[in-house]
Amino acid sequence: MITNAFAALADPTRRRIFEKLSRRSLSVGQIAAQLPVSRPAVSQHLKVLKDAGLVGVRAEGTRHVYAVDPDGVAAMRAYLDRFWGRALVAFKQWVEQEEDA
Amino acid sequence: MSAFDPVRKEIVVDAPAERAFRVFTSRFDKWWPRDHHILEAPLVNVVLEPRAGGRWYEVAADGSECDWGNVLIWDPPRRLLLAWQLDGDWKYDPALITELEIRFIALGPMTTRVELEHRNMERFGGKAAATRATLDSPHGWSTHLGLFAEAAGTEERC
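For the record, the sequence lines run as chains B and Y. Its first residue numbered 1, the first sequence is counted upward by one per residue in our numbering. Its first residue numbered 102, the second sequence is counted upward by one per residue in our numbering.
Hints listed in this document are in silico derivations from the structure and should not be mistaken for laboratory results. All C-beta atoms in this analysis are idealised placements derived from N, C-alpha and C, irrespective of residue type, glycine included. A hint or two may mislead.
From the derived model, a few chain Y residues whose C-beta atoms are all more than 12 angstroms from chain B [stated by the list, open to error]:
| no. | residue |
| --- | --- |
| 1 | V148 |
| 2 | G154 |
| 3 | V160 |
| 4 | A161 |
| 5 | S165 |
| 6 | C167 |
| 7 | D168 |
| 8 | L173 |
| 9 | W175 |
| 10 | D176 |
| 11 | R179 |
DSS-like mimics (lysine-lysine), calculated; alpha carbons at most 25 angstroms apart, straight line [unchecked claim]:
| no. | chain 1 | residue 1 | chain 2 | residue 2 |
| --- | --- | --- | --- | --- |
| 12 | B | K20 | B | K47 |
| 13 | B | K50 | Y | K192 |
| 14 | Y | K110 | B | K92 |
| 15 | Y | K131 | B | K92 |
| 16 | B | K20 | B | K50 |
| 17 | Y | K110 | Y | K192 |
All chains, full assembly: derive it from the sequences and hints.
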């Protein structure tokens, strides 16, 4: 089972599905209509993406709608945004003190 | 802006590009925020081996080492492309590769703009999703982020 996000996205078809879902939520049928891939194959790719924690699914009437849940990624991005901001300020202080060798 | 956009930062420093590149790549002991490392023992240094394929790792006071990633492109004094392989819990994951590019752009003989771009945010998704279950607990990730913000705000000057 592929549980790692990087490994899950290494497959080009899965990456395309993931990119489509990052723009809007879609059903299996809607994804299959947009790609040269059968519905069963789309379902299989979605299962891998779901197992890797990259997409979520909810029921809307009789169909299942898949969506990217960006919350976890957003938290990590905010963390790195603050981290690199502060790291660069510290870097500036030291590089301006340092003498050339 | 989406959660999947790269993190982009830039800063202008009063130093030649050569010095900026050298200090960035070889003086982590001076500028790296000291509280941000993996090993139990205090951080002594961070080493970036100066070549494509070189390791990027931390060294702790007890002599232990832990990988952070490696060098993808080594192009002094203009450009550095690193593989950042630390996940959302600040743990090394050899299966995770996110790209960190740093460009050093000479604006004058003593002025350099440093541009940093950390890409592939979506690759933190799997781990982030696994961590999400603990997000709302008192010891969850949000607390971790809060502690990080405090630590970063009061980072030591060494």
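Just double-check V160 of chain Y for me: nearest Cβ-Cβ distance to chain B has to come out over 12 angstroms.
-> holds (18 angstroms)
Status of D168 of chain Y, Cβ more than 12 angstroms from any chain B Cβ | Per Cβ check, D168 of chain Y is outside 12 angstroms of chain B; nearest 16 angstroms; holds.
In terms of Cβ atoms, is chain B entirely out of 12 angstroms range of C167 of chain Y?
-> holds (18 angstroms)
Proposed proximity, K47 of chain B with K20 of chain B (alpha carbon, max 25 angstroms) = Between K20 of chain B and K47 of chain B the Cα gap is close to 16 angstroms, so the pair holds against 25 angstroms.
Non-interface claim for R179 of chain Y, where every Cβ of chain B lies beyond 12 angstroms = Non-interface label stands for R179 of chain Y: nearest chain B Cβ at 16 angstroms, farther than 12 angstroms.
Are all C-beta atoms of chain B more than 12 angstroms from that of S165 of chain Y?
-> holds (23 angstroms)
Given pair status - K192 of chain Y, K50 of chain B, alpha carbons within 25 angstroms = Distance ~23 angstroms between K50 of chain B and K192 of chain Y Cα, so the pair holds.
With a cut-off of 25 angstroms on the C-alpha distance, tell me whether K110 of chain Y and K92 of chain B pass.
-> At roughly 13 angstroms apart (the allowed maximum being 25 angstroms), K92 of chain B and K110 of chain Y satisfy the hint.
Taking the closest pair, is the beta carbon of W175 of chain Y still more than 12 angstroms from chain B?
-> Correct as stated: the minimum Cβ-Cβ distance to chain B is 18 angstroms, above 12 angstroms.
Interface exclusion of D176 of chain Y relative to chain B, criterion Cβ beyond 12 angstroms = The assertion about D176 of chain Y holds, with a minimum of 18 angstroms to chain B.
Assertion that A161 of chain Y lies farther than 12 angstroms from chain B (Cβ) = Given that every Cβ of chain B is farther than 12 angstroms from that of A161 of chain Y, nearest at about 19 angstroms, it holds.
Please work out if K131 of chain Y and K92 of chain B have their alpha carbons no farther apart than 25 angstroms.
-> holds (11 angstroms)
Comparing the model with each numbered hint stated earlier shows that all of them hold.
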